[in-house]
Amino acid sequence: MDTRTAHALVRFGLGRRGAEPLPPDPTAWLLDQIRQPDPARFDDPPTTAKGLAALREDRATKPPPGESRARALYKAQAAAQLANAVMTPAPFRERLVWFWTNHFVISLRRGQCTAVAAAFVEEAIRPHVTGPFNDMLLAVIRHPAMLLYLDNATSVGPDSLAGQRSHRGLNENLARECLELHTVSPLATYTQADVTAFAKILTGWSIDLQADPPGFRYRPFAHEPGIQTVLRQPFPPDEAGGITALRFLANHPATHRFLATKLARHFVADDPPPEAIRAIEGVLRDTSGDLGATSAALVKLDAAWQPATKLRTPMDFVVASVRALDLPADQLPPMTGILAGLGQPLWAAPAPNGWPDHAADWASPEAMLRRIDWASGFAGRIGDRDVIEVADTALGPLLRSETRDAVRHAGSRRDAMTLLLTSPEFQRR
Amino acid sequence: MPLTRRTALLGLATSLSIGRTTLALAAAPTDKRLVVVILRGALDGMAAVVPYGDPGLAELRGEIVPPGPGQPDGLLDLGGFFGLHPALAGVHAMYKANEGLAVHAVAGSYRVRSHFEAQDYLESGADHRMTSGWLNRVVAALPPAKTVQPEGDALAVGVSVPLLLRGPARVANWAPHGFSQPAPDLYATIAALNRSDPVTGPAITEGLRARDFSTTVMAGEEEPKERNAFPALARAAGEMLGAQDGPRIAALEIGGWDTHTVQVNRLAGPLKQLDAGLVALKTALGPAWAQTAVLVMTEFGRTARVNGTKGTDHGTGTVAFVLGGAVAGGRIKATWPGLGAGQLFENRDLAPTTDLRAVAKGMLASHLGLDAGALGQIFPDSHGAGAMPGLIRT
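Protein chains in written order, with numbering that gives the first Met the number 0: chain A, 0 to 428; chain B, 0 to 393.
Errors might be hidden in some of the hints.
[Unchecked claim] Partner residues are not named here, just some residues of chain A that face chain B (Cβ under 8 Å, in silico): (1) L30; (2) N352; (3) L418.
[Said to hold, decoys possible] Reference excerpt, derived from the structure (chain B facing chain A, CB under 7 Å, subset only): (4) A202; (5) I203; (6) T260; (7) W335.
Just so you know, the hints here were simulated from the structure itself, not pulled from any lab data.
Note that the Cβ used here is the ideal one computed from N, Cα and C, for glycine as well.
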């Protein structure tokens, strides 16, 4: 394995899976994943309709926590998502799904979006990772998971018919986070008036839980009448005005700069060089936010092929460990619980800014020790395999001679595997 | 070595993964204890310390204000104009014992109402982004600790170290979890293999040392009965801060304050946890409580008016608490801006009249004896916010 192949597997991918065949041309292998359709298949595909039906039933029957239908759906769907990450032949594409899921984060911690979390990934993120950013943004903001998570489902225009009758009113949570975290970011120096106006634009974007199937519903009676101005741009009322506003935000120069910075941070370094950000920003601008072209530009960025500098997050670390051991699909460890124990529970980030993408946020002393503790238990799965061979297969030229020596001299296969998984080179991507 | 406490705290790992609750501790060469509690998500100061005497209150948010003092589930009176939320009975007892005060209409210098930026500024203590926190710079401003465990370093419990305590003064941490652990010699080999790595190397070394210290202090303890992470961690903080060779400075964080909808229901739980935690901290500190000052702070307040979903949105002025046996309590410190027409900030929020950094500087000056030069380095852009006098007993 040459260094470029190793980087393609660990930087852009999710770590080599067992002794899977090495791509003859790493760049072509990555670009091909963007061009081909997503290979992910789920036996029981998550859908919003199924999730909201479960939520509806839970609300009606108020089951004890152990018997919640929403929770049961989540558990099965979370396990299926993580198994897909372990098994996928298109790990770069899967990493893009993770990246955008974290950019547009929803979290089980509030808003009762548990039952639609997987549906959010499958409906709002996965179909759009190589399409126009505007399409993804629109799918995200209309998705019931997001409307629940950031409270927009119950936001009512104060001067709408519903607002005047019921004395309910505006909730600006989704509008604020959409400006700050999804699109233009504070780079655009928007004001409180912009936030309020955008919140009015999004009034009526809600959920119909009683419909069959339940799902997104635009409620004209809850929509604030009148023209609203965001970032000096006027938008007409009604649902179409919201769609226009989202398109405006998706294509705003500040959005391109913000997205480019986050992508470069994920694929180049915690503090990416300005020229890498500018290159990605330029592609977003010139293609009106074509995420396929943008992903290809990341692959072609020389800076993204420098020695592995990114610390693996717990999710990266666990998935790469399981891939390295190449466990069959029916013998995977309980990854949802492991991620919670390592401080990165699936779809449960503490706040709408998602999981951090800086090593400092994951390298606290206790966090590092927890990885070691988990790895030492998981290493027991090595069985009677040769750990040196596993190490060479997984890391190729990235394996250091010190680690190789320590693995060779370890007292047991399990200790040897623990040393491989906890080595600095395996903790990185 | 007995691992009773660690075993007991295994139950905590679950709670830790639900709420955003962590604890960080640092050593310092003093008998004084300083604790900072960060309320992440923006506490509605007007719900915690209610200005029930202000004639403008009912019109702005009558539907979410608890009944007045003396009524069932009513406010706990703080001298005739302000009242504490009924969930804060422990804080009220501290106030009545002259060990607690509230500073109202307080805010940092930040006005843009983003949680994430505001928390960064709250913790870094500056008007610009910094990579270290002000509490870390407090540790750095004090002379190096001598025989304090763990060897003059900070100790953080929880999987993440808050920005407040990140920086040049080294931080180690420890927390309970459910994974088995490798044998000590394997740990040693792992630490050696990582030694040359600038990120994983120091983290693993510090983590091992901190676990060793925590295990020693916590050995043989009874299992904590609290179901919630925050009171249990606050008690652990009190026990470690109370130990003769223990750390002296602690940072705790607790979330759950971002009450955009049905605030009355959503706020009671976090307030009860906070109150129980502060009482647990006091109890666990024992005699050391007399040497302790606690600052409870949040990134900004919430809108003065109730919003359309019976909640409140991101605002400006809020409340901060200063508690502890060393505090000159039993008072409200506030230049009250009023809630009437034209008195709200941007016709929306409680107008801030006190800079939060003035409160922190007042505590650091009187409690830890830091001079103006040190305070200027700890809060670089705070020339306009002089140290607030009279917070600490002298």
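Against the structure, the hints:
Among the interface hints, the one on L30 (chain A) is violated; its C-beta lies about 31 Å from the nearest C-beta in chain B, farther than the 8 Å criterion. Using the Cβ-Cβ criterion of 8 Å, the hint placing N352 (chain A) at the interface with chain B is satisfied: the shortest such distance is roughly 5 Å. Interface hint at L418 (chain A): satisfied, since its Cβ lies 6 Å from the closest Cβ of chain B, which is below the 8 Å cut-off. A least Cβ separation of about 4 Å between A202 (chain B) and chain A falls short of the 7 Å threshold, and the interface hint therefore holds.
A hinted interface residue such as I203 (chain B) counts as satisfied when its beta carbon comes closer than 7 Å to some beta carbon of chain A; here the least separation is about 5 Å, so the hint holds. A hinted interface residue such as T260 (chain B) counts as satisfied when its beta carbon comes closer than 7 Å to some beta carbon of chain A; here the least separation is about 6 Å, so the hint holds. Evaluation of the W335 (chain B) hint against chain A yields a violated restraint, the C-beta minimum of about 23 Å exceeding 7 Å.
The structure fails to meet hints 1, 7 from the earlier list, while all remaining hints are met.
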